[in-house]
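Mind docking these for me? Both chains are given alone in their own frames, and the hints should help you get the complex.
First to last, the sequence lines map onto chains A and B.
Residue 21 is where the first sequence starts when you use the numbering used here, and the numbers rise one by one after that.
Residue 48 is where the second sequence starts when you use the numbering used here, and the numbers rise one by one after that.
Some hints could be false.
[Unchecked claim] For the chain B half of the interface with chain A, some residues (derived, Cβ under 10 Å), not all of them:
hint	residue
1	56
2	59
3	62
4	66
5	70
6	71
7	74
8	212
9	220
10	259
11	260
12	267
13	271
14	272
15	282
[Stated by the list, open to error] Take a look, some chain A residues computed to stay more than 12 Å from chain B by CB distance:
hint	residue
16	94
17	289
18	372
19	387
20	455
By construction, these hints were calculated from the structure, which means they are not laboratory data.
Backbone N, C-alpha and C fix where the C-beta goes; we use that ideal spot for every residue, glycine too.
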Amino acid sequence: VLFNSFVFILAFLPAVLAGSWLIREPRRRVIFWTVASWVFYGFAGPWFVLLMMASTVVDFLLAQRIARSTSPTARRTYMVISISFGLGLLGFFKYFNFFLDTVNAVATAVHGVTGLPASTMTTSLAIVLPAGISFYTFETIRYTVDVYRGHIRPESDFWYFACFVSLFPHLIAGPIIKPGDLLPQLHALQPRHQWRFQHGLFLFAAGLCKKVLIADRIAASIDPLLLSAIDLTTTQAWLAMTGFAMQIYFDFSGYTDMARGLGHMLGIEFPVNFNSPYRAVDPSDFWRRWHITLSMWLRDYLYIPLGGNRRGRLLTYRNLMITMLLGGLWHGAGWNFVFWGGLHGLALSAYHRFGRHWDVLPVVTRRALMFVFVVLSWVPFRLHTLAEIAACYRAMFALDFAGDVPWRLVVLSGAAIAIALFVRRNSNEIAWGRLGPRAALALGLATFATLLYVNASTQFLYFQF
Amino acid sequence: MKRLRTPVAVFLLAAGIPFVITFSFFVVSQQRSLLTDPEAYIARLKHDGAVAHMVSLAAWKRLLARDEVCRDADVVVIGSSRVREIDASVTGASTCNLYVDGLSAKGFASLARELPAMAPGERRVVYVGIDHFWLWVDRDELDGLDLRLLPVSKTLWTVWAVLRPLGYFTSSDLFEAIRRFRRPHARPADEVSVWYPNGHLRHPRYYALKRAGKHRRFGRQAIEESVVKTFSDGRLRPANVRALEQGLRTLHAKGYAARVFWNPVSPEHIAAAQRRHGALFRSVIDTVDDLAAALPLDRYLPASATLDPTSFGCTEWDYFDPTHMDVDCLQRVFKKVLTEGSSSAHVSGDSRSGPPSRRRAGPAS
Chain A
21 VLFNSFVFIL AFLPAVLAGS WLIREPRRRV IFWTVASWVF YGFAGPWFVL
71 LMMASTVVDF LLAQRIARST SPTARRTYMV ISISFGLGLL GFFKYFNFFL
121 DTVNAVATAV HGVTGLPAST MTTSLAIVLP AGISFYTFET IRYTVDVYRG
171 HIRPESDFWY FACFVSLFPH LIAGPIIKPG DLLPQLHALQ PRHQWRFQHG
221 LFLFAAGLCK KVLIADRIAA SIDPLLLSAI DLTTTQAWLA MTGFAMQIYF
271 DFSGYTDMAR GLGHMLGIEF PVNFNSPYRA VDPSDFWRRW HITLSMWLRD
321 YLYIPLGGNR RGRLLTYRNL MITMLLGGLW HGAGWNFVFW GGLHGLALSA
371 YHRFGRHWDV LPVVTRRALM FVFVVLSWVP FRLHTLAEIA ACYRAMFALD
421 FAGDVPWRLV VLSGAAIAIA LFVRRNSNEI AWGRLGPRAA LALGLATFAT
471 LLYVNASTQF LYFQF
Chain B
48 MKRLRTPVAV FLLAAGIPFV ITFSFFVVSQ QRSLLTDPEA YIARLKHDGA
98 VAHMVSLAAW KRLLARDEVC RDADVVVIGS SRVREIDASV TGASTCNLYV
148 DGLSAKGFAS LARELPAMAP GERRVVYVGI DHFWLWVDRD ELDGLDLRLL
198 PVSKTLWTVW AVLRPLGYFT SSDLFEAIRR FRRPHARPAD EVSVWYPNGH
248 LRHPRYYALK RAGKHRRFGR QAIEESVVKT FSDGRLRPAN VRALEQGLRT
298 LHAKGYAARV FWNPVSPEHI AAAQRRHGAL FRSVIDTVDD LAAALPLDRY
348 LPASATLDPT SFGCTEWDYF DPTHMDVDCL QRVFKKVLTE GSSSAHVSGD
398 SRSGPPSRRR AGPAS
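Isolated chain B, as found in the complex (with noise of 0.2 Å):
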């Protein structure tokens, strides 16, 4: 370069000033989430009882699976976001949820993994609501670069910490920032979410809405969307089935009773799912069918028992939006067929007593 011509640095000063300013904005706007090491994390939510922000979900969860509240907790949740409201209202126990957004059956095994081995005689159950998804996202969750460098340095962590939302960053996010800095201080009932110490969620706002009466309606192409965003790329890997297999054998391996579901998801989304990708919906729940019929599992619900949310009584009136049950649904699900007092009528597979049957069902949709 022979020099660097005026025009040069004046688009770099015009482009750059104005994206480090904004960027530093919503870093220091938003530290509490981005800078707020997980154990920190969980002191403050134990201090606290529930707070409005929340730290990289995937480090909070690896933590929160060996800390005292998991470890004492009768029962654990794990899933994706489709779960993470599940409480103690919904299982009727003491309830440690480790929902990750997006989790795959790889981040799936790694949380098995991290969950402590019982003591002989001892006994939890572990709600397993899984997903389609599962069987193709390539990634575990629980194997970030942060959660490599957290135990390393926690220098290097920051660093990391500061540079992730380059990642993610866009101008939504700096306008939620915005918002959220002119009102830093909103009533527990308009908040958007709220997460609790034992690793669930809850959304003030929504229930507000909906206990006034107000409900958003969701429209076919939000459902075409939902389809498409979830099962454009998906294929069956089977590094993903083996995954999932594996998971499921250590938390036998360590004493746990796995009671394994399918998440429910509206059934326009089922339909829908059906209609576009119809060979690969099918083909996920047959591939988890025949494992779960060859595992050691306290029970296994097909997709034909817990998909279709209408069958427990749900209606639109109780989705979050159209892959998303709320938690007034999720308790039907589950007094209904997934806690201790509930029916074992779809129950397919029960291992303490003789092998489960090998049935295929596609979703009662």
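So here's chain A without its partners, still in its complex pose (with noise of 0.2 Å):
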């Protein structure tokens, strides 16, 4: 079931908030919120939960373990075998074709050139990535480290540490959820429902406008483009670009307003995901603003445990570069995502060196380098093969204006553009539950425009993250 379909807004979505509404006992409450998201998880593939559950059942033993043992070796052991199990998961369904192809490309290569005899492992296995898995392994190793730092106390109660890991506004694309952020909530929760409806309907509202009325209209303009990337003129390229740098944006920060929005009727707060990030005038500001809560799980766990930038200018850049191209990696098993990770790390490593020089321009100049960067990077996060991430790249600057200009997209993409960079408030900064009527008639128009699109709709980008 997605946000974006009618069984989850006229069914699946009032009768969640109906039990929400009757149960009166919270625990009782989180039980049926940890069923109905096992339910909702389990439309994308009923195996889909029982791997879940096993990954938290799993954390919740291990971590208890933790918490009770007084031997450092013991608890740093149940330490590993947790973060070793997620990532095993992880690494498996994730990373085992990608590991293989690799391996094979390379035998392939190797062959070629020294006409050894080449051995092709296997062709590949019928993995079948679950939905989810990247965002709820990385809260579940979130949580097992904290407990072993002892940031946090274990989870007593097993159907709120159930409901922590597969609550499903954030189950399937985040954001990245804290345990110390929404354990409390729940063991906060009111025997009478505690929900900020308006503003969790408006926002809700909102994020659906964003994914369908613009994320998906300029998707349906700049997915025929780059079936045939190799064909681009330079202004195709940059329009397809520029168009996919709105696309994802407004894709993903409307999933997460939708997130939001449901965590408000639940009377859940989730934390901020997006921050106008196109707004950004350096690398640092733009993963400040950027999926926010994957940038600080990669900062807490990956970028500081390295060592950060306490070692040293060299050693620095090198965990900038770690992290970053974990990071990429993350978003999906392909070399391209390794790729967009490693021009964001070299963006990050030489801001941290000539930063002092780039802060001196002006805003507007850095604003719109920086926008300039980020939409070169889309480049490799959008074309998989080496070879049409070249042709895009030689298209941009083989200054080649022939051919049609797709207006459509231009259009588009500018208002896209203009909502992005110029509109003053975003989504996070608008007071949603005290909108009057007259806002609440131009948003209830336009989810009635939004709900007439609803079914030429596509998944959401991250879903395949």
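Here you go:
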């Protein structure tokens, strides 16, 4: 079930809200939400639920053991087992075929160069990536590490922990939740359901409009263009990649708005995940605004444990590159994503080195240059083969202005850029709960238009990660 | 909820009322398609000879398979929308066409189960037009909720039929409904699609334009889109292979002479599919070749025989779109390799003349 479907909007959500309203006992409500989330997840694939349950049970028990153990070695062992289990699942389901393909490609290349026999390990396994596994694995890893570090106490009630892992608004594509943020909110539930209905409903509707009316409309224009990426002209290449920059932003931030809106309707506050990222003035600023919860996870559980910026300049660059390369790989099992992460790692390192010179430039210049860099970096994110990526970059700088101009895309992207860069307040900053009837009318009519396109809508881009 | 505050009510009314109105308009204006049960539709077709609306294809075809129209036909056709125009003018015999849009191997197996068994000594040909996606589309078209509700309760079925458009209703459906509402009685030649009692479909406007020398060309983008749409989620599913085998065995057990062929698609589509999804493209063909070699088929025409329509003299003038050949092209294909009097030069399997050869051939693109 997708948030942008009638089954969710007209059946699943009303049923969950009605249940939340009727169930007065907080723990029972938590159990109800957990079971409802499993049902929600079960639509993606019934065995996905079993996998997530296994991960939940293992991490729940290991965290208890970590907390009860007095021996540092035992505590560390339990933590390593927990992390290995999570990463093992992720590695198998997300990266196993990538690993095989890479080994086979290298073997073929070596065979071509040396003439040695090429040994093909296997073609590939028919592995289906369970939706949301990247997100809930990072959440459970964070939980056991935080228990190990003594930042939080282990959850003693399985249902509360299961609800933390599986609560449907954040399950498939985040935001990546901190256990220290969500578990206390679950324990603070009141017998009478405390929801912020207007705020939640309007934020959900705004997210739906962003996804269906903006992101999907742009996608409908750029997807055909990028099908033959090797034939793009300069104008088409820039328009397509600028369009993609807008599509992915409105798609993912629209999803986050919907998730946060659902949270408000359940009486739960989920963290902000986007803060007008295309207004960023430097690479560090961008990662403080784009997919904030992932950035914070990578900072707290990868960059800082690697040493952060405490061990000199070169090691800082190394740590930045490792963090961003792995961050890129987290997005998808492909070298194009590693390349994308590498570009951002280089930009962060360059900013770390030359930031003083960069910061003296006018804000408008920095913002414009940063936007151009981000658009260029989306090329390997969107196009998956080296030939397509190279062709797109070549087209962007070939100064070939022949060919048709996709005017529909110009209009759509222009409107999206205007909203992303120049509208004063983003969806986090609007007091949705205090909107008046006129704004509600406008949002209602936009939602009506959105409903006419819901069935033409596509899956959220980040569902594949 | 302390109280339903005014902005929430305004929002719900602003979003809900226009949507309910537009959706209701759509349902009411399309009620002939949405609310006619398949039995009544078959009766209507028999009475009128042809109609310009269509009900749930799977429900219609399931009933049609057992109907006298199908029982009395010399030839049965099963396949996806790519065989939708096949009728007696193509097969040369009275034909029952059981095409279902996007048919999968699982749907094919279900259709095979629905067909009545032949009496001893009776022989009927069933043409099975297969597509690559048969081996990965993971659904049985004949196992829909509407098909299960229909025999249980007409009221429940009607409720479901009213709600079903929520699964696909978009602005373009609304605009099409408005267009039809404003022009309710189009001349037969102006109709986009017309359905006939024996299950086949024809596109009068397409043929009127073709005769007038007007033909829409398909650019590279349309070709690439058709390939992405067809192949992007594709992977060979063992369950679908088993379903295909089961369906063909069922047909044989019921006394049908199965002639299996690959539905022709434009050579540009074939080339793009091979470029983008070469391994999948070939593995599906190899799998079906292997399967066909092991099954008692009347004829099996490998992909190299029928996938490329240009080998039958079809040109882009005969392409309805990159993956649908029109009836002029299909007539040539059938005349040359599929009907009784056709050459069997391309045939790789004939159960009556010993075990078929295990030929592996790619499409002649």
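Okay, the hints, checked on the actual structure:
1. Taken as an interface hint, residue 56 of chain B checks out: its beta carbon lies about 8 Å from the nearest beta carbon of chain A, inside 10 Å.
2. The restraint placing residue 59 of chain B at the interface with chain A holds, with a minimum CB-CB distance near 7 Å, inside the 10 Å limit.
3. The restraint placing residue 62 of chain B at the interface with chain A holds, with a minimum CB-CB distance near 4 Å, inside the 10 Å limit.
4. About 5 Å separates the beta-carbon of residue 66 of chain B from the nearest beta-carbon of chain A, less than 10 Å, and the hint is met.
5. With its C-beta approaching chain A no nearer than about 9 Å, residue 70 of chain B sits inside the 10 Å limit, and its interface hint holds.
6. At its closest, the beta carbon of residue 71 of chain B sits 13 Å from a beta carbon of chain A; the interface hint therefore is violated under the 10 Å criterion.
7. Given the 10 Å rule on beta carbons, the hint for residue 74 of chain B is violated: about 14 Å separates it from the nearest Cβ of chain A.
8. Satisfaction of the interface hint for residue 212 of chain B is found here, the shortest Cβ-Cβ separation to chain A being roughly 9 Å, below the 10 Å cut-off.
9. Against a cut-off of 10 Å between C-beta atoms, the interface hint on residue 220 of chain B holds, since the closest Cβ of chain A lies about 8 Å away.
10. Against a cut-off of 10 Å between C-beta atoms, the interface hint on residue 259 of chain B is violated, since the closest Cβ of chain A lies about 27 Å away.
11. The criterion of a C-beta within 10 Å of any C-beta in chain A is not met by residue 260 of chain B, whose closest approach is roughly 26 Å, and the hint is violated.
12. With a cut of 10 Å, the hint placing residue 267 of chain B at the interface with chain A holds, because the nearest CB-to-CB distance is about 6 Å.
13. Because the smallest distance between the Cβ of residue 271 of chain B and any Cβ of chain A comes to about 4 Å, under 10 Å, the interface hint for this residue holds.
14. Proximity of residue 272 of chain B to chain A holds as hinted, the smallest CB-CB distance being about 6 Å (cut-off 10 Å).
15. Hint status for residue 282 of chain B: holds, given a least beta-carbon distance of 6 Å to chain A, under 10 Å.
16. For residue 94 of chain A, the condition that its CB be more than 12 Å from all CB atoms of chain B holds, with the nearest at approximately 44 Å.
17. Taking the minimum C-beta to C-beta distance to chain B, about 18 Å, the non-interface status of residue 289 of chain A holds against the 12 Å cut.
18. Residue placement check: residue 372 of chain A keeps its beta carbon more than 12 Å from all beta carbons of chain B (closest about 40 Å).
19. Against chain B, the non-interface label of residue 387 of chain A holds: every CB pair exceeds 12 Å, the least being about 34 Å.
20. Remark: the non-interface label on residue 455 of chain A conflicts with the geometry, its nearest Cβ contact in chain B lying 6 Å away (cut-off 12 Å).
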